[in-house]
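A.B. asks: Line order of the protein sequences matches chains A and B. Each residue of the first sequence is one higher than the one before, counting from 1 in our numbering. Each residue of the second sequence is one higher than the one before, counting from 1001 in our numbering.
Keep in mind the hints are simulated off the structure, nothing from the lab. A couple of the hints might just be wrong.
Pairs of lysine to aspartate or glutamate residues, derived as DMTMM-like cross-links and limited to a Cα-Cα distance of at most 25 Å, are as follows [to be verified]:
(1) A:139 <-> B:1108
(2) B:1139 <-> A:76
(3) B:1139 <-> A:83
(4) B:1139 <-> A:108
Chain B stretches covered by chain A per the calculated footprint, using a threshold of three residues with CB under 8 Å from any CB of chain A [unchecked claim]:
(5) 1061-1074
(6) 1105-1118
Where chain B lies over chain A, by a calculated footprint (3+ residues, C-beta under 8 Å) [said to hold, decoys possible]:
(7) 11-19
(8) 85-91
(9) 128-136
All values reported here derive from a predicted model rather than from experimental measurement. Just so you know, even glycine gets a beta-carbon here, dropped at the ideal spot from N, CA and C.
2 protein chains.
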Amino acid sequence: MALSAALLAVAGDLTQRINDGVAARGFTDIRPAHGFAFARLAPGGATATELAAHLGVTKQAASQLVDEIVRKGYAERRPHPGDARARLVVLTERGRACTRAAEEAAVDVVGGWAELMGEGEVRALWGRLARIAPHGPIKPAW
Amino acid sequence: MALSAALLAVAGDLTQRINDGVAARGFTDIRPAHGFAFARLAPGGATATELAAHLGVTKQAASQLVDEIVRKGYAERRPHPGDARARLVVLTERGRACTRAAEEAAVDVVGGWAELMGEGEVRALWGRLARIAPHGPIKPAW
DNA sequence: TCTATATGGTCAAGTTACTTGACTGTTCTG
DNA sequence: CAGAACAGTCAAGTAACTTGACCATATAGA
C-alpha cells in the first residue's frame, strides 16, 4: 500500500507541476484533464466518442469538455470526412501552443528528476511503468 | 508528457485493482480515498485536521469523510486526551479488517508486477518513486 | 492574570465535474 | 430496405468536494 501511495504521490506531484508550468506560460484557464485531451487530439484530431474512451468517461462528459475547450479557443469542431454523424475535434493554433507549453513544463520537471537519480534511471523507470499498465485509466478512479 | 500519462495509468490501475480486491473481500461500501484515510488512522488514530493535511483536502471535507466511515462502522470518534477541542478518530475492528484486506489486495497486484519484471525490479521502482516525491499529494489534482 | 489570536471542529450553502436517461439523425448489416 | 448500432445532444440529477460563518478550547503576550 505504501507503494501505491508513492505512485499516487509522484503522479499527483508531476501532474500538478506540469499544470503549474502551463499556467506560468500563460494558459491559466485549463485543468490537467484538458491536457490529456489535447494529447489525444494533437495528431489529427478525434471524435468526442474517441476522446471519451481515451479519458475513461462517458461521451456526454467528453462532449462537455469539448464544449469548454472550444469556447476557450483551444479547439474547434469540424464536419467529419466520411461520417456525417460524427464531428472531428481538432486543436487550434492556441491549442497547439498550449500543448507545446505542457511539453516544455514536463521536460523541466522530469529534468529535475534526472538531476536526482540520473537520466538513465529515469528512462528505466519510464520503461517499466509503460510495461505495467499500458492501457490504464488516465482519470482518477476515486 | 507520455511519462506523465504512464504514471497516471499505473497509479490509476493499481488503485482500481486494490479497490476491486477490497470489494471482493466484502467491503463494497468504500472508495480508495477511504483506504488512504485508514492508512493514516491505523497507527494510533488521528484528528480530522491531521487527516485533512494527509489527504490534501479541507478540514470540512475530511470531517465529512470521517462522518461517513463512522456511520459505516469503520471508525469512531473519541475525546482527544490532552486537547478538549480535538477528537481522536480511531479505527474499529471492522476498519482494521478492511485495512488488512487492502494490504492483501495490494500484495496480489504487486505480485503480478513481480512476475512481469522480477521482484528486484519492483523494489528498485518503488525506491525511485519514493525519492521523487516523498510528500506528494495523495488525492488527484484534476 | 487577562486579553488577543490561533486552532479544532461543525453547520450550511454553493460549485463542479461528472453521471444517467431520453432523444435525434446517420450508418452499417442481413 | 427494414432494424440494430452508433455519434452526438439536451436535460436533470448526484457526489465529492469547496467557501464562509460560527462556537469552543488552547496558547501567547502585555
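A.B. asks: Hints first: check each against the structure and report whether it holds.
C.D. replies: Do the hints match the structure? See the list:
1. Between residue 139 of chain A and residue 1108 of chain B the CA atoms are separated by roughly 23 Å; this keeps the pair inside 25 Å, and the hint holds.
2. A threshold of 25 Å between alpha carbons decides the hint, and for residue 1139 of chain B with residue 76 of chain A the separation of about 32 Å lies outside it, so the pair is violated.
3. Proximity of residue 1139 of chain B to residue 83 of chain A is assessed by CA-CA distance (about 40 Å); at most 25 Å being required, the pair is judged violated.
4. A threshold of 25 Å between alpha carbons decides the hint, and for residue 1139 of chain B with residue 108 of chain A the separation of about 23 Å falls inside it, so the pair holds.
5. Requiring three or more residues with a Cβ within less than 8 Å of a Cβ of chain A, the coverage given for the segment 1061-1074 of chain B is violated, as only 0 such residues are present.
6. A count of 5 residues in the segment 1105-1118 of chain B with a Cβ less than 8 Å from any Cβ of chain A is obtained; the coverage claim is therefore met, three being the minimum.
7. Coverage of a stretch by a chain is defined here by at least three residues with a beta carbon nearer than 8 Å to that chain's beta carbons; for the segment 11-19 of chain A and chain B the count is 8, and the condition holds.
8. As drawn, the segment 85-91 of chain A meets chain B at 0 residues by the rule of a beta-carbon pair under 8 Å; below three, the given contact is violated.
9. For a cut-off of 8 Å, the count of residues in the segment 128-136 of chain A with a CB near a CB of chain B stands at 9, and the three-residue condition holds.
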